[in-house]
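Let's have the full structure, built from the sequences with the hints guiding it.
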Amino acid sequence: MRAEIDRVYSVEQVCHAMGMSRQAHYQWIARCAECALEEQIILQRVKEIRRRHPRMGGRKLHYLISQEFVEMGFCIGRDRFFALLAENDLLVDRRRRVVFTIHSRHCLRIYDNLIIDHKPAKPNQIWASDITYLRTRTGFCYLALILDLYSRMIIGWTLGQSLAVEIALHALRMALGQAKTTKGIIHHSDHGAQYCAEVYVKLLEEHAIRISMAAKGNPYENAFAERAIGILKDEYRLDAFFNSYELANKAVKEVIYLYNYERPHTNINYLTPVQKHVIW
Numbered sequence: 001m002r003a004e005i006d007r008v009y010s011v012e013q014v015c016h017a018m019g020m021s022r023q024a025h026y027q028w029i030a031r032c033a034e035c036a037l038e039e040q041i042i043l044q045r046v047k048e049i050r051r052r053h054p055r056m057g058g059r060k061l062h063y064l065i066s067q068e069f070v071e072m073g074f075c076i077g078r079d080r081f082f083a084l085l086a087e088n089d090l091l092v093d094r095r096r097r098v099v100f101t102i103h104s105r106h107c108l109r110i111y112d113n114l115i116i117d118h119k120p121a122k123p124n125q126i127w128a129s130d131i132t133y134l135r136t137r138t139g140f141c142y143l144a145l146i147l148d149l150y151s152r153m154i155i156g157w158t159l160g161q162s163l164a165v166e167i168a169l170h171a172l173r174m175a176l177g178q179a180k181t182t183k184g185i186i187h188h189s190d191h192g193a194q195y196c197a198e199v200y201v202k203l204l205e206e207h208a209i210r211i212s213m214a215a216k217g218n219p220y221e222n223a224f225a226e227r228a229i230g231i232l233k234d235e236y237r238l239d240a241f242f243n244s245y246e247l248a249n250k251a252v253k254e255v256i257y258l259y260n261y262e263r264p265h266t267n268i269n270y271l272t273p274v275q276k277h278v279i280w
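Residue numbers (the numbering used here): 1 to 280.
Some hints could be false.
Distance ranges between label pairs, derived from CB positions [to be verified]: (1) E166 - D79: 48 to 58 Å; (2) E205 - R78: 44 to 54 Å; (3) L43 - V199: 48 to 58 Å; (4) W280 - R78: 21 to 31 Å; (5) V199 - D89: 22 to 32 Å; (6) E246 - R173: 35 to 45 Å; (7) T182 - L271: 23 to 33 Å; (8) R51 - E246: 18 to 28 Å; (9) E205 - Q44: 31 to 41 Å; (10) A215 - C75: 26 to 36 Å; (11) E87 - D112: 20 to 30 Å; (12) K202 - I41: 54 to 64 Å; (13) D112 - L43: 14 to 24 Å.
Below, computed lysine-lysine pairings styled on PhoX-like, alpha-carbon distance capped at 20 Å [unchecked claim]: (14) K276 - K119; (15) K202 - K183; (16) K122 - K202; (17) K122 - K276; (18) K183 - K122; (19) K180 - K276; (20) K233 - K202; (21) K60 - K233; (22) K60 - K47; (23) K183 - K119; (24) K250 - K276; (25) K60 - K276.
None of these hints come from the bench; they were simulated from the model. All figures in this text were calculated on a predicted structure; none of them were measured in a lab. The C-beta atom is built at its ideal place from N, Cα and C for all residues, glycine as well.
Spelled out as structure tokens, the structure:
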């Protein structure tokens, strides 16, 4: 279309019709070219980030890219950024996750919920624990993790090939190892058999950790841990089918590193969990 206009009309005629000077016309052309170049650079960076964070959402991408490019002298507004993602089929469709409940029918002691309306003011005040499953060619394996509710950092995890209490214990020992003191920490979980097991409860009590559990049948009372699992599965594709336990374990290790050290979180002012955990 532009080429056809150029063949029929001179620059002077076009400028006169649009009510602008030749200088303004060429400035407009230069600005269009500059915008196109900026968009290409932004798209390239989006694709680079997505290679490491496959399903990172638009708001976090916009924040990261804005921080990087401000030093280069240009920025892009959020609406324009989302439009650019949409035009290039780079928006992420959120998946609905099926809740998978395991080993919650037992006769072990159930504890009250201690974290309702309780907001942590620093790291290692409230931990949330949960277990999910990964699929492999040889069957399911199980990921147990512990999340610090102040920083959203995954402070303990393990991937096991059975639902035995040992996977929860291994994650708990890892979390204990990073805490300078444990007295008064609240450990929150659902009432799965692993968290109610005598050996697990004993280890918590030995470290003066208070025990809190979500109400039966209310997944929202353990929403933070479930949200973290949703991120690992939805954004980092841990819901994929792995050829072996070893490959699944390698993927989990890499993904938890990305989650803790590189992924900004909106609920902690776009800091990474590690940044939030250590700057307190």
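Status of each hint after checking the structure:
1. Distance hint check for E166 and D79: the Cβ-Cβ separation is about 50 Å, which falls inside the suggested range of 48 to 58 Å.
2. Our hint of 44 to 54 Å for E205 and R78 holds, since their Cβ atoms are close to 48 Å apart.
3. Distance hint check: the CB atoms of L43 and V199 are about 52 Å apart, consistent with the given range 48 to 58 Å.
4. Distance hint for W280 and R78: a CB-CB separation of about 29 Å, consistent with the stated range 21 to 31 Å.
5. Evaluation of the 22 to 32 Å hint for V199 and D89 yields a failure: the beta carbon distance comes to about 50 Å.
6. A hinted range of 35 to 45 Å for the beta carbons of E246 and R173 is inconsistent with their spacing of about 22 Å.
7. One distance hint, 23 to 33 Å for the beta-carbon pair T182 and L271, holds here, with the actual separation near 24 Å.
8. Under the hint 18 to 28 Å, the C-beta atoms of R51 and E246, about 23 Å apart, fit the expected range.
9. Roughly 54 Å separates the CB atoms of E205 and Q44, a value that falls outside the hinted 31 to 41 Å.
10. In this structure the hint that A215 and C75 lie 26 to 36 Å apart at CB is violated, the actual value being about 46 Å.
11. For the pair E87 and D112, the supplied restraint of 20 to 30 Å is violated, since their beta-carbon distance comes to about 51 Å.
12. Between K202 and I41 the Cβ separation comes to about 56 Å, which falls inside the hinted range of 54 to 64 Å.
13. Checked against the hint of 14 to 24 Å, the pair D112 and L43 fails, with Cβ atoms roughly 51 Å apart.
14. About 15 Å separates the Cα atoms of K276 and K119, which keeps this hinted pair within 20 Å; it holds.
15. Between the alpha carbons of K202 and K183 the distance comes to roughly 14 Å, so the proposed pair stays at or under 20 Å and holds.
16. Only pairs whose Cα atoms come within 20 Å are accepted, and K122 paired with K202 is rejected, the gap being roughly 25 Å.
17. Taken as a hint, the K122 and K276 pair is honoured in the structure, with Cα atoms around 9 Å apart against an allowance of 20 Å.
18. Between the alpha carbons of K183 and K122 the distance comes to roughly 14 Å, so the proposed pair stays at or under 20 Å and holds.
19. A distance of roughly 16 Å separates the Cα atoms of K180 and K276; the hinted pair therefore holds under the 20 Å criterion.
20. Taken as a hint, the K233 and K202 pair is broken in the structure, with Cα atoms around 31 Å apart against an allowance of 20 Å.
21. For the proposed pair K60 and K233, the alpha carbon gap of about 17 Å is at most 20 Å, so the pair holds.
22. In summary, the hint linking K60 to K47 is supported, as the alpha carbons are separated by about 14 Å, within the 20 Å threshold.
23. Restraint check for K183 and K119: satisfied, since their Cα atoms lie roughly 17 Å apart, inside the 20 Å limit.
24. Distance hint between K250 and K276 is unfulfilled; the C-alpha atoms sit about 25 Å from each other, more than 20 Å.
25. A C-alpha spacing of about 16 Å is found between K60 and K276, which places the hinted pair at or below 20 Å, so the restraint holds.
In summary, the numbered hints that this structure violates are 5, 6, 9, 10, 11, 13, 16, 20 and 24.
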